Structure formats: C-alpha cells, structure tokens
Amino acid sequence: MYIDKEEFEARSTGKHGYDLSAYDFLTNLNLQLEGLEKKLQDKDVTEEYSNIFILGLPRSGTTLISQLIFNHLDLACVNNLVARFWDAPLTGTYLSKIVLNDTKSFTYSSKYAATDSIVSPHEFAYFWRKHFLSSDVTTSYPPERDALIDWKNVQNIILNMNRIMQKGFVFKTLEITGFYIDRFMKLFPKSIFVYIKRDNEDVAVSIAKARLDHYNTLDRWWATYPLEYNLLADKNYADQIAGQIFYLKKMFDAAVERHWHTNRIIIVEYKDMCADPNKLLGTISGRVKELFKIELQRVGEAPLLEFSKPAIADEIRTSLNRSLSEYF
122 MYIDKEEFEA RSTGKHGYDL SAYDFLTNLN LQLEGLEKKL QDKDVTEEYS NIFILGLPRS
182 GTTLISQLIF NHLDLACVNN LVARFWDAPL TGTYLSKIVL NDTKSFTYSS KYAATDSIVS
242 PHEFAYFWRK HFLSSDVTTS YPPERDALID WKNVQNIILN MNRIMQKGFV FKTLEITGFY
302 IDRFMKLFPK SIFVYIKRDN EDVAVSIAKA RLDHYNTLDR WWATYPLEYN LLADKNYADQ
362 IAGQIFYLKK MFDAAVERHW HTNRIIIVEY KDMCADPNKL LGTISGRVKE LFKIELQRVG
422 EAPLLEFSKP AIADEIRTSL NRSLSEYF
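Start counting the sequence shown at 122; every next residue gets the next number (our numbering).
All clues given are correct.
For each label pair, taking beta carbons as the anchor points, the in silico distance ranges come out as:
1) Leu152 - Thr439: 48 to 58 Å
2) Val220 - Leu425: 23 to 33 Å
3) Ser238 - Leu425: 13 to 23 Å
4) Asp435 - Asp340: 15 to 25 Å
5) Asp223 - Ala354: 39 to 49 Å
6) Ser230 - Ala434: 21 to 31 Å
7) Asp195 - Asp163: 17 to 27 Å
8) Val220 - Pro264: 36 to 46 Å
9) Val220 - Leu152: 19 to 29 Å
10) Ser231 - Trp272: 28 to 38 Å
11) His382 - Trp272: 16 to 26 Å
12) Asp393 - Asp163: 38 to 48 Å
13) Asp223 - Asn357: 47 to 57 Å
14) Arg379 - Glu265: 14 to 24 Å
In short, the hints are calculated from the structure, not lab data. Note that the structure is predicted; figures quoted are calculated from it, not measured. Just so you know, even glycine gets a beta-carbon here, dropped at the ideal spot from N, CA and C.
Go ahead and model the full structure; you've got the sequences and the hints to work with.
Here it is as structure tokens:
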C-alpha cells in the first residue's frame, strides 16, 4: 500500500482527503495488468532521448515548471492518465499514446501538485514510492537505501516510456532526484536537471498553509522529511518548517554543486520563470542541443505566469520569519 494508514486518517480531517475506494479499484486494476506490462518491456532499450528532471523544495514551483516545460517543449509527461498505472507504467504510457497522443493542456492551474486536466503533469508519487522503497512521500531517502533500489529496473522503465512515446519526458520526481542525483546522472547521461528556487518566506508560508489544508492543524509534518528530521521532530511548527527548508535546500545545493561542472544543471528563480518563461524554455532546448545534438522543438510561445506571494495570518508569518532568521 502506497498510502500510509496514519497519513490517510490524518488527511480525512482536512480539505484533501484520499478516496480509498478509487485507490482500491486502481490497485486491483494494476495487478491485472502484470502480464501485459511484461510484454511491453524491452529489456535491451537504450537511451535515445533527453529527459528533464525537476529539482526543488516542496512548494517551490515544481508543478508549475513541469507544466510550463511540458506545454511548450516537445516532451511527454506522466499525465493524470498514466499516473493511475503506477504498477503498470508502460501500459499507462501506451494507453495515453493511443488516447491522448501529443495533446498539450496549456493550463497552469493546480492545487498542491494536483493538476486538473487529464493531459497535465502528475508527480507519479506511488510509482516513485514503490521503486524507492518508501511507504509515504514524507519518508526520507537515506544514502544506505541506494544499495537496495533496483536501479536497472528504474532505468529500464523510464527508457521504455521514452521508446513508447518516441520522445523525452519531463519528470517531477518529488525530492528523490536530489537525494540520488549521482545515480540519475549516470543512468540518464542525456538528461538535463532543472533546479527551481523560491523565496524562503514564500516556501515557508506555503508549507504552513499545506499543513492547515491537509490536516487542519499546523502541528503535523507535511511533505518530505530531510535526513536531519530527528533534529526537528520535537520543535514547534515554525522551527520545523524553517529547518525543513534549510536542510532540504542544503541537500539540493550540495547535489547541484557536485555536478555543476557537467553543464547539465539549470538553475532558475521562481519569480524569473514567471516573468520570462520563454527565456527558460530557450535555455533548456539550447542546452539539450549543445550537449547532446538533440533538437528539442518549442511548442508555441508561453504566456507570462502569475506571480503572487502566498497569504496567511500575520502571526503565523511572523513566527515563520523569526524561525527562518535562525537558519539563514
């Protein structure tokens, strides 16, 4: 089960509870597709296309940048149809190719990573949790787990998704790519990594809002645990959120620094992406062509994206800023 029981019960008090009957139906459907999934898997597939992996903190704009890249570059994505086939991703990809093919959504609405169009990007959380041995998105990804992950299978599945769609994908892999960027760099040598950064206060406020909306309380953890969670477990909500941002950012920054020399990492600020999205798209397509001699075609001109600071009660914002000042 890829939904933690405690998490399921906690979310039932908030605005974004799980539909357990739908989950059970889709789980059973996926189980019935095991034979077909094996037939679709080419064990000898090789890398022909460039994939784009998104890096970034929770609430930093990773969903929006995924929508932008999918909508305006000739790439596929794990859309809201494919995502329902977390145990049979090749079946889902093939079905999506038949039903939706290259349809773009050209929409930018979402609510806590949930997009509203069947063709829009999905973070594919159940798939990543399964293959990275995590029962829930809030579980951290310690280095020692690396040896337990079937990396060859992860690589094969993604390359087969490329083969089926005959193009690269944009993947939002939660925070997994940050924790294991060394592996991703080696397994997908034609890939590009885009790291989106956002103002610390905006991220903190947005995480606090997520706690309230999901659990109706500020006192329950939301989103990825950093490896240093034990240092934060007994702190108040503001200190937890500030520490979460600090330690996850530290992890991402270290990952980027280790591989900056490859020229395969692009960094963009959230506000800059919103103000000039076409500049970012040009940088990505240009980098893919420069490094891999692959033409990544543009799909129309992107509109300016809405940029606004998240709202929250003044006393909560004040507490968050006080805690952030202790870390940054």
